[in-house]
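Enquirer: The lines below spell out each chain.
Protein chains: 6
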Amino acid sequence: MSDRSNPWQLQTIVSQLRTARNQWRTQNGRVSGELGGRELPSRAAMAEILEALCGALFPMRLGPVDLREESEDFYVGHTLDVALNALLAQARLELRYAARQAGLPDDGVDETATVLIQDFALALPRLRSLLDTDVLAAYHGDPAARSVDEVLLCYPGILAVIHHRLAHHMYRAGLPLLARISAEIAHSSTGIDIHPGAQIGRSFFIDHGTGVVIGETAIIGERVRIYQAVTLGAKRFPADESGQLQKGHPRHPIVEDDVVIYAGATILGRITIGKGSTIGGNVWLTRSVPAGCNLTQANLQHDDGTQK
Amino acid sequence: MSDRSNPWQLQTIVSQLRTARNQWRTQNGRVSGELGGRELPSRAAMAEILEALCGALFPMRLGPVDLREESEDFYVGHTLDVALNALLAQARLELRYAARQAGLPDDGVDETATVLIQDFALALPRLRSLLDTDVLAAYHGDPAARSVDEVLLCYPGILAVIHHRLAHHMYRAGLPLLARISAEIAHSSTGIDIHPGAQIGRSFFIDHGTGVVIGETAIIGERVRIYQAVTLGAKRFPADESGQLQKGHPRHPIVEDDVVIYAGATILGRITIGKGSTIGGNVWLTRSVPAGCNLTQANLQHDDGTQK
Amino acid sequence: MSDRSNPWQLQTIVSQLRTARNQWRTQNGRVSGELGGRELPSRAAMAEILEALCGALFPMRLGPVDLREESEDFYVGHTLDVALNALLAQARLELRYAARQAGLPDDGVDETATVLIQDFALALPRLRSLLDTDVLAAYHGDPAARSVDEVLLCYPGILAVIHHRLAHHMYRAGLPLLARISAEIAHSSTGIDIHPGAQIGRSFFIDHGTGVVIGETAIIGERVRIYQAVTLGAKRFPADESGQLQKGHPRHPIVEDDVVIYAGATILGRITIGKGSTIGGNVWLTRSVPAGCNLTQANLQHDDGTQK
Amino acid sequence: MSDRSNPWQLQTIVSQLRTARNQWRTQNGRVSGELGGRELPSRAAMAEILEALCGALFPMRLGPVDLREESEDFYVGHTLDVALNALLAQARLELRYAARQAGLPDDGVDETATVLIQDFALALPRLRSLLDTDVLAAYHGDPAARSVDEVLLCYPGILAVIHHRLAHHMYRAGLPLLARISAEIAHSSTGIDIHPGAQIGRSFFIDHGTGVVIGETAIIGERVRIYQAVTLGAKRFPADESGQLQKGHPRHPIVEDDVVIYAGATILGRITIGKGSTIGGNVWLTRSVPAGCNLTQANLQHDDGTQK
Amino acid sequence: MSDRSNPWQLQTIVSQLRTARNQWRTQNGRVSGELGGRELPSRAAMAEILEALCGALFPMRLGPVDLREESEDFYVGHTLDVALNALLAQARLELRYAARQAGLPDDGVDETATVLIQDFALALPRLRSLLDTDVLAAYHGDPAARSVDEVLLCYPGILAVIHHRLAHHMYRAGLPLLARISAEIAHSSTGIDIHPGAQIGRSFFIDHGTGVVIGETAIIGERVRIYQAVTLGAKRFPADESGQLQKGHPRHPIVEDDVVIYAGATILGRITIGKGSTIGGNVWLTRSVPAGCNLTQANLQHDDGTQK
Amino acid sequence: MSDRSNPWQLQTIVSQLRTARNQWRTQNGRVSGELGGRELPSRAAMAEILEALCGALFPMRLGPVDLREESEDFYVGHTLDVALNALLAQARLELRYAARQAGLPDDGVDETATVLIQDFALALPRLRSLLDTDVLAAYHGDPAARSVDEVLLCYPGILAVIHHRLAHHMYRAGLPLLARISAEIAHSSTGIDIHPGAQIGRSFFIDHGTGVVIGETAIIGERVRIYQAVTLGAKRFPADESGQLQKGHPRHPIVEDDVVIYAGATILGRITIGKGSTIGGNVWLTRSVPAGCNLTQANLQHDDGTQK
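Line by line, the protein sequences give chains A, B, C, D, E and F.
For the first sequence, the numbering used here begins at 8 and goes up steadily by one.
For the second sequence, the numbering used here begins at 8 and goes up steadily by one.
For the third sequence, the numbering used here begins at 8 and goes up steadily by one.
For the fourth sequence, the numbering used here begins at 8 and goes up steadily by one.
For the fifth sequence, the numbering used here begins at 8 and goes up steadily by one.
For the sixth sequence, the numbering used here begins at 8 and goes up steadily by one.
Treat the hints with caution; some may be incorrect.
[Unchecked claim] Under the rule of at most 25 Å between Cα atoms (straight-line distance), these lysine to any residue pairs were calculated in the SDA-like manner: (1) F:Lys242 <-> D:Ala151; (2) D:Lys242 <-> E:Leu143; (3) A:Lys242 <-> B:Arg230; (4) D:Lys242 <-> E:Cys300; (5) F:Lys242 <-> D:Pro150; (6) C:Lys242 <-> A:Cys300; (7) E:Lys242 <-> F:Glu263; (8) C:Lys242 <-> A:Glu263; (9) E:Lys242 <-> F:Gly148; (10) D:Lys242 <-> E:Asp149; (11) E:Lys242 <-> F:Leu143; (12) D:Lys242 <-> E:Glu263; (13) A:Lys242 <-> B:Asn301; (14) E:Lys242 <-> F:Asp149; (15) C:Lys242 <-> A:Ala152; (16) E:Lys242 <-> F:Gly281; (17) A:Lys242 <-> B:Ala305; (18) E:Lys242 <-> E:Pro297; (19) D:Lys242 <-> E:Ser284; (20) F:Lys242 <-> D:Tyr146.
Hints are computed from structural coordinates only; laboratory data are not their basis.
Taking the hints into account, I'd like the entire structure generated from these sequences.
Expert: As structure tokens, this is what we get:
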């Protein structure tokens, strides 16, 4: 029946939703009002922070369009100030959440968060220099690129790498949730999914990028170039470990310096791609490859393997 | 020539664009001012509605960051009220559009829309409980997941499944256009393309997700896990059906309970993947598979097939 | 140490970031304050312009939801006026930037930009008619499509094609940077990556679309249909060209009229897919195919090849 | 006590506020859910509508700053379309509310509202010409005015008169609530309080304006000029009318053509200020004045009088 | 000279502005970085809070236009939650600032602020009932008022009284700065300037209102009605108090029950206007008046007096 | 008649509005498309600029609430940069408009505008120091003021004076239109109407302020204090000047140092109020007053006079 003044029976639905939430909390051992799943960091807040950091790192190209060199430093300083304060607030939320999860007191959380974000702030100039090598790599790696400036405006791969280098710093600083959210923001707009734990050397370039997946324990050398839909994944987890999968275990590939991996290649497990090798498009690879190797579908035997 | 005061010749362009629109309307048998392609639902409106519904379903994790448990119900009630009214308006647009398309009167449209959205509202608590099983599945399915809370913030697969379960309800309720728009909103931000018609059981988990395609008549059991770039598609439509392709026809796979499908696997046609099977990465499959099967590229002969 | 009143040492960081930027400028031969990387076009501005152009081209379906036919022309005229002025400003930025890059004077830039955008504006009615053929192609090509109106609201492929046809015009007009930004805006929201240089005939349809890559010199005929994850790419660039890769060189496939290419197919190099051919899912192809051919993984020998 | 997880006792306050509302509704004879004080027009909506109408009436001066003459008509047409639709929605709310208040059915409300707003729309060109006479009056009346263009940008009196002429049309059309809201929007930003019922002839000019009050039944001729803090009010209502004050009764002054009233003058009751008279600053007046009179504090005896 | 790349000499101006600020801080005995004038409450924040509180107090008339009675409580609860949390943050800023000014520690500030805002929250139902008497007073006091609903939408006097009653509670609670900001927000939009210290009885009505000033120690009884430009002010402060003016001293009028004061009347000093009196327009009054008196300019001798 | 698909007859109204505009342009001697009333400065733009300048002048009190001293200079520099560029754009519009009005070429306009805004920028530190004297004057002049910080947050008089000192600089620099718009922005939110031409000495304080009017040629000394509804106006312009009123002519009062003027006083004509005088409330004054005079209604004969 369609009652005009009370169409939605909101009281009923709201109360049933509360029941569902309580059921969930009970199932997962939450004490209501205490460990109640609240005060998590916010994805929307992180998106704003990352946009501001991109502007502060590359003011003339990712900052406001009418910026002039005279006022760059004012813009950079003010933007960093706002972004770092906001990031500090998010870091506190994560640390407080982590303390609750671990059943530890959250006394020192504010102090710790401040120290972590101070370190993060001090690392920014080094990250900028590192990112400059990525921009040059993109410029030299794509014959279609007309200028280094164009790279920052148009290449989704660069956007993903900027986010990754910032997220990786957070990951190592003990803020894995903020790191993960940062990575997913880039994933959502580029289709490139790099776990913030992955270690990536200078002059890294991803072209096109949609569908790229790079796992948590992957290690990538310098001057590596990869194309769309490349996976650097884990093999299936062994069944004999009493059912429980071990975490933190190195399980993704090591890619040495100067490697090129063409589109659609799938590389699985803790194997090593030797320095200077080339992996052809759509190649499926679960065994290590020596340096200088040129691997294609034609010269490769498929091995069986499932991946994660 | 560049006339400063009249650079664009707007009158000319506007009038030629009108001619182009009229040509289109004539070609497609539209009567101007009557069936004239207007009053379609709005994608921007649906995006706001879905964001509000996500917040109402998971207030502490997808709602505003400063929410406290005390005021959860107020937030949920108010947010639902706004979202359901807005959804009602969109449903009326779709039903009125459908009536016009079918040449039927649109008398009862407002009444019908109200009933449909009332049913939708009443289903939300059940959908929340169902989604809780998906969250747990993600938490247990990914060794990198640190907590159930993290899953909702960071996993694109969960975002896609929330949208799908809401869209699937709309689809079954006779609102296929709203359903489709909802699915595309998730597709755009996750790269995961699930047709709202697909039936998906509890505890469903998609990891990474970019490039996943699940077709309209696919049926997926409980506790199924799939990875990025998996396709559950249709085979090529047979040529002998007098040229006209039949709609609604079951043409996508049935995936039974406890199946795992690794990245890049392509599964086409109305075949069945038996309970507990594992399909390896990049596998191309157009024939049914019995329960408990462990299929990899190595132990499988490619069959010919094109897909839709 | 955590000093409450000066936690970030902003002066230090700002000054180190300036050092990093100066280093970059020196390395890349920039004269500060002159060629200093500034006054590039803005991606945010282009995103607004393209949204407005979509509304002006399809007012009843991509314009504001409450538009009525009576006032279509007012909406179209006003929206175009705003969008074209904004596009003109972006075009000036690109031309001035290009002049600086080339070491040429930028005297005539404003005049040239006006002429280019005038041509662009005059081309819009023709582009609208061309896009109508794409909408019909989508409607006829997907058995799930219920109406032509639905196509514009729900199909990411259509969104990508609208952006491409606008971007291609800019590309040919000598605004490759605006063109590239426009293409990336579509890439980001659809996962479909079409280089603005690609030439595409009428009645073009991409279904699902995530992961599609179409290269700069690709030529696509009329009534072509392709599915998700299809690549029309370049083969590896020959090593014997004194190290330097040649630009502009035709290096992507020619796809003739009435070809269908199923999901995941990879087609590389300046080869030709003959009229009316069908390329099966996941096929890897680096040799030309005659007209009327039906190619699947089963009836094809893999050839070696890496792609770009 | 300050309970961290439940500081506000929201349930208690919300329920007491509900009790207070119910008490009010009972006292004022409202039936909950039926006449319940809802669906009144919105001040925020009217503010947007009036801003749009100002832009449509004076596109080059109150419209967007980058408008060019070429596209004026597109802007005007599109802006009017949006504004009139929004005004129609507000008019329906007022008429439905008035019907409920009067205990009448609201069947014809939508039809009536449409007719009223159609008339309003058709009156706009005439109102524009009338307002042009006010702009010229301001230009000629203030020696400090440098150009007619400046008047529209800087004179609060003109803003008040534009709002009044629009509000007066609504008032006569049977939309007194929308009229009153429109008048209060101008009152709030200019300090000039003109009741929408007042009749005002062409070429009207208010200088400075703060504190001006013009009552509901005032009648003002052509070419009248008044200064800040002038009151055209009612005298005290007679006590002998059985306690009940009569509404609609003419109770404010008639000001004939070419009158000037200087700052702070108070003119009360249904008296007439004869053609061409001048009323000095701070004069207190409750008796009629013949044509051509020049009245100052010095040549006038104060009469007793209180005003409304 | 106009240097294109450095037109503003920002470094110079920024440094001179800093010098000016430091000079100010030195002059006023501020220790930089400690008492440095920072962390004051924000007017913009208070404006949002007050708008939300108005909506929570009168949801159907000052809340969102599409609210229905069914969902009133959800809206009220959610809106209060947001507004009270924001108000708490502002209260902390004021208390911390006051502690610094007084050279006291700010240890208990957060606790105190919570208690104060809890009291404020609990007082809201009583304030709503009080405001209902003001609304009825306006409805009965103005023959032009058509309905009680109209009063809330259109009468600036009501807006001023709502803000006053909220501000007065803050003032008494020891938050004079928030109180003052709240009063100024109303002053700015209505021209009515009521000091938050003034005590005002039930059923209070101000008509038109522009220019009304009511001082800090004024006491107003029940059922009082006043018109525009009325001043309830202080007389000049006596010169013999060793130059220093005493604060908090009662210095504004006492207005007893059922008094009416017409427009422009000026009433100065700690005098008493007896119950039921009427004060005529423009009357200048510095002596007490017995009950039942009817005072006009004609029957009153002016006394000399200046006012504050 | 109410045609659903074409209710507004927009074509008719738009065309009649165009006719009205053309009539106006013809009457006022405008050449369409050339002098056509366009490219005037924007009030909305000036409002944003002034808000930014207030923040840059008083960063800790009128800037963002979370600013810390460490980052003040970054905020000030970045905010000034944005505000000055925007002001430059407005200045160009005014100068170009003035050139067109005067029939002069607008060649040097951009250069001139840059020089004017450079001067304006360099004057800001001096204006800040001047405003500090006004803040102290308010603090000392009002016994209710608790701290200098409160003055900037709560006193409308200070807001008006900040705007005036900025506007006065623009006025003297040859940007009278921007100056006037700035003054009206303050007038609208404070009810205080100070013509930007007025010259005002240091330590100026206006209390309450609603209804204050200060004319273009008024000259005010140091340490002057005035209250609400005070007028410093012009007497009536003599009739014998061949009908045409002379502009620029000194016609408003000179108020010497240390004068206090109480509420409602009206002071008209080019008279002088001698140093240290006190003018009582509601006094009407058109003759000069010697130094040290204490004037009240009681000891003063009214003289006749009307004012402008």
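Enquirer: Each hint needs a verdict: does it hold in this structure or not?
Expert: Going down the list of hints, with the structure as the test:
At most 25 Å may separate the alpha-carbon atoms for a hinted pair to count; F:Lys242 and D:Ala151 meet this at roughly 14 Å. For a cut-off of 25 Å, the pair hint linking D:Lys242 to E:Leu143 stands: about 23 Å separates their Cα positions. Note on A:Lys242 and B:Arg230: the hinted pairing holds, with a Cα-Cα distance of about 21 Å set against a maximum of 25 Å. Restraint check: the Cα-Cα separation between D:Lys242 and E:Cys300 comes to about 18 Å, which is no more than 25 Å; the hinted pair holds.
At roughly 13 Å between alpha-carbon atoms, F:Lys242 and D:Pro150 fall within 25 Å of each other, so this suggested pair holds. About 18 Å separates the Cα atoms of C:Lys242 and A:Cys300, which keeps this hinted pair within 25 Å; it holds. For the proposed pair E:Lys242 and F:Glu263, the alpha carbon gap of about 24 Å is at most 25 Å, so the pair holds. For the proposed pair C:Lys242 and A:Glu263, the alpha carbon gap of about 23 Å is at most 25 Å, so the pair holds.
A C-alpha spacing of about 14 Å is found between E:Lys242 and F:Gly148, which places the hinted pair at or below 25 Å, so the restraint holds. A C-alpha spacing of about 13 Å is found between D:Lys242 and E:Asp149, which places the hinted pair at or below 25 Å, so the restraint holds. A hinted pair counts as satisfied when its Cα atoms are at most 25 Å apart, and E:Lys242 with F:Leu143 qualifies at roughly 23 Å. Our distance criterion of 25 Å between C-alpha atoms is met by D:Lys242 and E:Glu263, whose separation comes to about 23 Å.
For the suggested pair A:Lys242 and B:Asn301, the alpha carbons sit about 15 Å apart, so the restraint of at most 25 Å is met. For the proposed pair E:Lys242 and F:Asp149, the alpha carbon gap of about 13 Å is at most 25 Å, so the pair holds. Distance check on the hinted pair: C:Lys242 and A:Ala152 sit about 17 Å apart at the alpha-carbon level, within 25 Å; holds. The suggested pairing of E:Lys242 with F:Gly281 holds, with an alpha-carbon distance near 23 Å, which does not exceed 25 Å.
Distance check on the hinted pair: A:Lys242 and B:Ala305 sit about 15 Å apart at the alpha-carbon level, within 25 Å; holds. Taking the CA atoms of E:Lys242 and E:Pro297, the gap is near 20 Å; set against the 25 Å cutoff, the hint holds. Between D:Lys242 and E:Ser284 the alpha-carbon distance is near 17 Å, which keeps this suggested pair within the 25 Å criterion. For the hint linking F:Lys242 to D:Tyr146, the alpha-carbon distance of about 19 Å falls within 25 Å, and the restraint holds.
Figure legend: structure checked against the earlier numbered hints; every hint is met.
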